[in-house]
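Enquirer: Residues per chain are reported as follows:
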Amino acid sequence: MNLKRTKLLVEPPATATSDIAFILIVFFLVCASVEPDKGRAQVLPRSEPEKEKDKQSQTIEVDLTRTAVILNGKFPPLTAEQFARAIALKLADKTRDEDRIVAVKSRKEVPYSHWMQVTGIIEDAGGVITLQIEEEQTVKVQ
Amino acid sequence: MIVKRRQMDATIPAMAMGDIAFLLLIFFVILARARDDSHLQWKPASGQELSRPQTMNASVVIDKYNVTYLNGREIPTVILGEALKKLLGENPAGRRTVMFKVHHEVTAVYFEPVIEAISEAGGELHHILKEEKKTR
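Those protein sequence lines, which keep their order, are chains A and B. In terms of this note's numbering, the first sequence opens at residue 1 and continues consecutively. In terms of this note's numbering, the second sequence opens at residue 1 and continues consecutively.
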């Protein structure tokens with residue numbers, strides 16, 4: 001007795017290709033959209049005129065160098081760990097918001113990662129950050 | 001003489017459907033990328049105890065070439081404040097979040113004026129950082 005072989009489907013099902021393409025694209029889109037979106041909120045008071053700044057004589061001043069921190073102009077510069085302890089001590093007895101203002105002045109070469117680390121330490125210690133930015137002025141010499 | 005009409009094949013070429021879908025999607029992907037800032041090159045700085053912002057009203061990026069972008073478009077720092085003021089409009093507090101993405105090696109001379117501009121425009125800064133695991 002001869003058994004007939006059933007014919008096998010040779011062609012791929014063409015109608016499924018659109019679905020495959022779609023699913024592939026969705027997969028790649030989902031993979032591509034994994035971007036960092038977590039971070040830290042920071043409240044910075046708006047800049048104020050120099051006259052008002054003079055009232056805050058007790059403002060803590062922090063000078064940032066490329067790798068270290070100078071607190072209230074006192075040398076030697078501190079490392080991040082030393083600064084964390086020092087600023088916590090300085091802010092511990094301050095109760096009013098205006099006394100907790102810390103003026104941060106950065107040198108031009110300070111990297112963002114270092115700036116974020118130091119400002120994070122100040123905020124964690126309960127300080128309120130203000131930026132001291134040097135304004136460029138053009139002076140005409142006659 | 002009777003001429004027989006040829007029977008026309010009315011089936012849709014299913015083989016081409018995949019290509020059409022693929023091209024359409026590529027088109028939309030390119031269109032979408034032109035609007036956001038995912039094409040910009042920057043590596044975040046590290047931070048701890050990070051949180052997701054509740055809203056996202058604008059995005060400011062400083063990439064590894066020290067170039068500033070507002071919502072994915074290059075913008076000079078001097079007009080950033082004005083552009084942000086227009087963008088944020090009269091939004092109430094809590095709806096003025098500015099996602100601030102800065103390459104970790106960018107120096108203060110570039111990022112401080114941008115922070116100042118955001119602050120002047122009344123934006124609520126949210127620094128985007130990479131989670132750093134606590135070391136004991």
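Read the hints as simulated data drawn from the structure, not as lab findings. Please read all numbers here as calculations on a predicted model, not as lab measurements. Please note that a few of the clues may not be correct.
[Unchecked claim] Think about it this way: if two alpha-carbon atoms lie no more than 25 Å apart in a straight line, the pair counts; the simulated DMTMM-like pairs of lysine to aspartate or glutamate are:
1) A/LYS90 x B/GLU105
2) B/LYS133 x A/GLU61
3) B/LYS86 x B/ASP19
4) B/LYS133 x A/GLU134
5) B/LYS85 x A/ASP124
6) B/LYS85 x B/ASP37
7) A/LYS38 x B/GLU131
8) B/LYS43 x B/GLU105
9) B/LYS86 x B/ASP36
10) A/LYS108 x B/ASP36
11) B/LYS64 x A/GLU109
12) B/LYS43 x A/GLU61
13) B/LYS86 x B/GLU74
14) B/LYS130 x A/GLU134
15) B/LYS64 x B/GLU116
16) A/LYS74 x A/GLU61
17) A/LYS38 x B/ASP19
18) A/LYS105 x A/GLU81
19) A/LYS38 x B/ASP9
20) B/LYS43 x A/ASP124
21) A/LYS38 x B/GLU132
22) B/LYS86 x A/GLU61
23) B/LYS85 x A/GLU134
24) B/LYS133 x A/ASP37
25) A/LYS108 x B/ASP63
Enquirer: It remains to establish, for every hint, whether it holds in the given structure.
Expert: Consistency of the hints with the structure:
no.: 1; hint: A/LYS90 x B/GLU105; in the structure: 30 Å, violated
no.: 2; hint: B/LYS133 x A/GLU61; in the structure: 30 Å, violated
no.: 3; hint: B/LYS86 x B/ASP19; in the structure: 42 Å, violated
no.: 4; hint: B/LYS133 x A/GLU134; in the structure: 35 Å, violated
no.: 5; hint: B/LYS85 x A/ASP124; in the structure: 30 Å, violated
no.: 6; hint: B/LYS85 x B/ASP37; in the structure: 20 Å, holds
no.: 7; hint: A/LYS38 x B/GLU131; in the structure: 8 Å, holds
no.: 8; hint: B/LYS43 x B/GLU105; in the structure: 8 Å, holds
no.: 9; hint: B/LYS86 x B/ASP36; in the structure: 18 Å, holds
no.: 10; hint: A/LYS108 x B/ASP36; in the structure: 30 Å, violated
no.: 11; hint: B/LYS64 x A/GLU109; in the structure: 15 Å, holds
no.: 12; hint: B/LYS43 x A/GLU61; in the structure: 29 Å, violated
no.: 13; hint: B/LYS86 x B/GLU74; in the structure: 16 Å, holds
no.: 14; hint: B/LYS130 x A/GLU134; in the structure: 30 Å, violated
no.: 15; hint: B/LYS64 x B/GLU116; in the structure: 20 Å, holds
no.: 16; hint: A/LYS74 x A/GLU61; in the structure: 10 Å, holds
no.: 17; hint: A/LYS38 x B/ASP19; in the structure: 37 Å, violated
no.: 18; hint: A/LYS105 x A/GLU81; in the structure: 19 Å, holds
no.: 19; hint: A/LYS38 x B/ASP9; in the structure: 57 Å, violated
no.: 20; hint: B/LYS43 x A/ASP124; in the structure: 24 Å, holds
no.: 21; hint: A/LYS38 x B/GLU132; in the structure: 12 Å, holds
no.: 22; hint: B/LYS86 x A/GLU61; in the structure: 34 Å, violated
no.: 23; hint: B/LYS85 x A/GLU134; in the structure: 23 Å, holds
no.: 24; hint: B/LYS133 x A/ASP37; in the structure: 17 Å, holds
no.: 25; hint: A/LYS108 x B/ASP63; in the structure: 17 Å, holds
Of the hints listed earlier, those the structure fails to meet are numbers 1, 2, 3, 4, 5, 10, 12, 14, 17, 19 and 22, in rising order.
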